[in-house]
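> So the chains spell out like this:
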Amino acid sequence: MSAVLEIRDLHLRFRGHSGVSEVLHGVSLDIRAGERVALVGESGSGKSVTARIVLGLLQELPYAEVSGGLFLEGADLNRLSRRQWQGLRGTSISMIFQDPTSSLNPVFTIGAQFAEVLRRRDPGLPRGAADERAGALLRSVSIHDHARVLDAYPFQLSGGMNQRVVIAMALANHPSLLIADEPGTALDVTVQAQTLKLMHDLVERSGTAVLFISHNLGVVREFADRVFVIYRGRIVERGPTAAIFEAPGHAYTRALMAAVPRITGGGPPEPNDGETAFLDPMVVHEGGGA
Amino acid sequence: MTPLLSLRHVSKTFGSGPRAVRAVRDVSFDVSRGECLAVVGESGSGKTTLANMILGVFGQSSGEIRFDGRALPSRRTLEHRSAIQLVQQNPLSSLNPKRSVGASIRLGLDVFGIGRRSDRWRLVENALEEVGLPGDFRRRAPAALSGGQCQRVAIARALACQPRLVILDEPTSALDVLVQARVLRLLDGLRRTKGLSYVFITHDLSVVRNVADRVAVFRSGELVECAETGAIFENPRADYTRRLIGAVPVITDHELKLRESLSGGLPA
Chain A
1 MSAVLEIRDL HLRFRGHSGV SEVLHGVSLD IRAGERVALV GESGSGKSVT ARIVLGLLQE
61 LPYAEVSGGL FLEGADLNRL SRRQWQGLRG TSISMIFQDP TSSLNPVFTI GAQFAEVLRR
121 RDPGLPRGAA DERAGALLRS VSIHDHARVL DAYPFQLSGG MNQRVVIAMA LANHPSLLIA
181 DEPGTALDVT VQAQTLKLMH DLVERSGTAV LFISHNLGVV REFADRVFVI YRGRIVERGP
241 TAAIFEAPGH AYTRALMAAV PRITGGGPPE PNDGETAFLD PMVVHEGGGA
Chain B
291 MTPLLSLRHV SKTFGSGPRA VRAVRDVSFD VSRGECLAVV GESGSGKTTL ANMILGVFGQ
351 SSGEIRFDGR ALPSRRTLEH RSAIQLVQQN PLSSLNPKRS VGASIRLGLD VFGIGRRSDR
411 WRLVENALEE VGLPGDFRRR APAALSGGQC QRVAIARALA CQPRLVILDE PTSALDVLVQ
471 ARVLRLLDGL RRTKGLSYVF ITHDLSVVRN VADRVAVFRS GELVECAETG AIFENPRADY
531 TRRLIGAVPV ITDHELKLRE SLSGGLPA
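Protein sequences appear in the order of chains A and B. Following my numbering, the numbering of the first sequence begins with 1 at its first residue and continues without gaps. Following my numbering, the numbering of the second sequence begins with 291 at its first residue and continues without gaps.
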């Protein structure tokens with residue numbers, strides 16, 4: 001099966017006053033149709049910049065140097081003009097951010113924002129038809145009083161409700177790739193669990209490929225088919241979720257897992273400080289087409 | 291022995307009339323000396339309102355808060371203020387960005403008159419060393435520190451005031467998991483060596499399981515369940531507690547089994 005997204009040997013450098021800092025040192029990653037792939041790492045490891053590069057956002061910054069191959073459904077993204085790339089956002093590639101409330105515009109109603117999203121695929125869509133389609137999309141995320149929600153401003157809805165709205169918007173134009181950057185981290189645990197399950201079911205039904213960015217290993221274990229562990233701009237381990245969680249091979253992955261407190265108890269987790277081994281070569285688990 | 295902290299029928303209502311918000315409703319619990327009580331609940335459950343009442347940021351609408359056997363007055367004395375300290379969630383925004391780390395720590399010593407003036411910089415350095423930072427960190431600005439270092443400074447600042455009770459309001463939620471593990475171990479060690487009591491506010495039940503002696507579960511301002519940590523996780527009585535445990539993301543099959551046995555039959 002061909003890859004929906006393929007990233008080949010991606011490098012990123014930022015030029016600053018104090019010289020050049022290398023952020024990504026050759027990241028390669030692939031996601032096939034209908035597959036949920038997680039990119040896991042700590043803050044500053046390069047997770048979010050990778051997502052922004054796929055969206056073509058970092059390439060627009062004058063102080064960022066990006067190199068490496070980027071392919072969406074076989075098409076070379078690097079050959080796109082700025083305008084063409086912009087055209088992909090919200091149609092072929094969509095994104096869900098960490099905090100749903102602040103990723104919606106506070107001065108427009110949900111209905112107006114939905115119409116804007118739908119018109120990216122369908123420019124002449126009248127508002128009435130947009131509201132109708134938005135209503136159906138909201139029902140798919142279990143929002144049943146959609147008339148009230150479409151008339152509401154984001155601040156009038158709860159965080160969990162906004163999160164569902166954002167998920168519905170992200171899937172509105174049937175994207176081939178959905179990028180979810182720490183979705184639900186800003187929400188309560190019960191709401192987070194519900195929305196993740198909802199998102200899981202929706203992407204499964206629509207066959208959307210997902211790049212799932214997270215620092216939370218528990219959430220990754222529940223959501224992803226395959227996992228890429230990133231440390232300081234390098235992929236240190238990759239493989240099917242079950243294989244990585246059953247037998248983490250890289251020192252960094254093992255340290256991450258040892259640091260997660262268990263609900264079965266055992267006292268505060270003991271982090272092992274083998275930081276030199278964190279730079280060991282990548283561990284690859286075969287299977288799942290990895 | 292009387293408990294260190296004791297709340298009896300404490301309520302807090304903001305505003306009045308039909309739009310009044312009853313943030314905390316008739317809550318009673320104790321914290322013994324040397325104990326770590328976890329306060330668990332989702333946003334809006336009243337966790338932070340509770341912390342603010344214990345700290346004296348504002349008074350309760352009704353009920354009584356007792357500290358060391360005596361009712362806490364609404365206007366706190368310096369003694370009370372130094373005895374009850376706070377560590378907040380976001381370490382960077384809880385430190386004054388214009389002050390050096392050392393000056394922030396020293397401020398408490400000056401206000402509460404702890405130690406001799408000439409001794410105080412040494413006390414500041416001791417406090418930093420206690421949390422695993424070099425003493426000369428006192429000259430640094432908060433912006434020059436990592437999140438984990440900032441949180442250590444915030445802990446050092448609280449400890450320098452010689453508290454008996456520390457309120458930890460989501461102390462590790464903003465930290466990466468490796469850093470969180472180190473800070474949790476640090477907090478656990480400090481509590482044991484100094485005989486401190488903690489009120490550990492968090493929404494993360496897997497952290498609670500590993501650091502708390504007892505757990506108080508809050509929902510919409512009400513205390514749903516309060517019991518020893520083992521009992522909460524092995525035999526939760528309230529459906530809400532089961533639901534909270536059922537929503538915790540876990541990484542091992544062993545945990546998954548426990549979680550499923552507890553939350554079985556309940557909707558996620």
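None of these hints come from the bench; they were simulated from the model. Glycine included, every Cβ here is placed at the ideal spot set by N, Cα and C. Errors might be hidden in some of the hints.
[To be verified] Derived Cβ-Cβ restraints for the label pairs, each shown as a range:
no.	chain 1	residue 1	chain 2	residue 2	range
1	A	VAL20	B	PRO387	23 to 29 Å
2	B	GLU518	A	ALA242	31 to 37 Å
3	A	ARG148	B	GLY479	17 to 23 Å
4	B	ARG356	A	HIS200	56 to 62 Å
5	A	ARG13	B	ARG482	42 to 48 Å
6	A	HIS200	B	GLY359	51 to 57 Å
7	B	ASP400	A	GLY274	38 to 44 Å
8	A	SER18	B	THR483	55 to 61 Å
9	B	ARG412	A	GLN86	58 to 64 Å
[Unchecked claim] Computed, partial: chain B to chain A, Cβ under 8 Å:
no.	residue
10	VAL401
11	LEU474
12	LEU480
13	LEU495
14	ASN500
15	ASP503
16	ARG532
17	VAL538
> State for each hint whether it applies.
Structure-based check of each hint:
1. A:VAL20 x B:PRO387: 23 to 29 Å: Hint holds: Cβ distance 28 Å, inside 23 to 29 Å.
2. B:GLU518 x A:ALA242: 31 to 37 Å: Roughly 35 Å apart at Cβ, these two residues keep to the hinted range, so it holds.
3. A:ARG148 x B:GLY479: 17 to 23 Å: Check failed, 52 Å falls outside 17 to 23 Å.
4. B:ARG356 x A:HIS200: 56 to 62 Å: At 48 Å between Cβs, range violated.
5. A:ARG13 x B:ARG482: 42 to 48 Å: holds, 47 Å
6. A:HIS200 x B:GLY359: 51 to 57 Å: holds, 53 Å
7. B:ASP400 x A:GLY274: 38 to 44 Å: holds, 42 Å
8. A:SER18 x B:THR483: 55 to 61 Å: Since SER18 (chain A) and THR483 (chain B) have Cβ atoms about 41 Å apart, the given range 55 to 61 Å is violated.
9. B:ARG412 x A:GLN86: 58 to 64 Å: holds, 59 Å
10. VAL401: At 32 Å from the nearest chain A Cβ, VAL401 (chain B) fails the 8 Å test, so the hint is violated.
11. LEU474: Holds. Min distance 4 Å.
12. LEU480: With a minimum Cβ separation of about 12 Å from chain A (threshold 8 Å), the hint on LEU480 (chain B) is violated.
13. LEU495: Holds, about 6 Å.
14. ASN500: holds, 5 Å
15. ASP503: Cβ of ASP503 (chain B) sits 12 Å from chain A, so the hint is violated.
16. ARG532: Violated: closest Cβ of chain A sits about 11 Å from ARG532 (chain B), beyond 8 Å.
17. VAL538: holds, 6 Å
Consistency with the previously given hints fails for numbers 3, 4, 8, 10, 12, 15, 16, ordered from lowest to highest.
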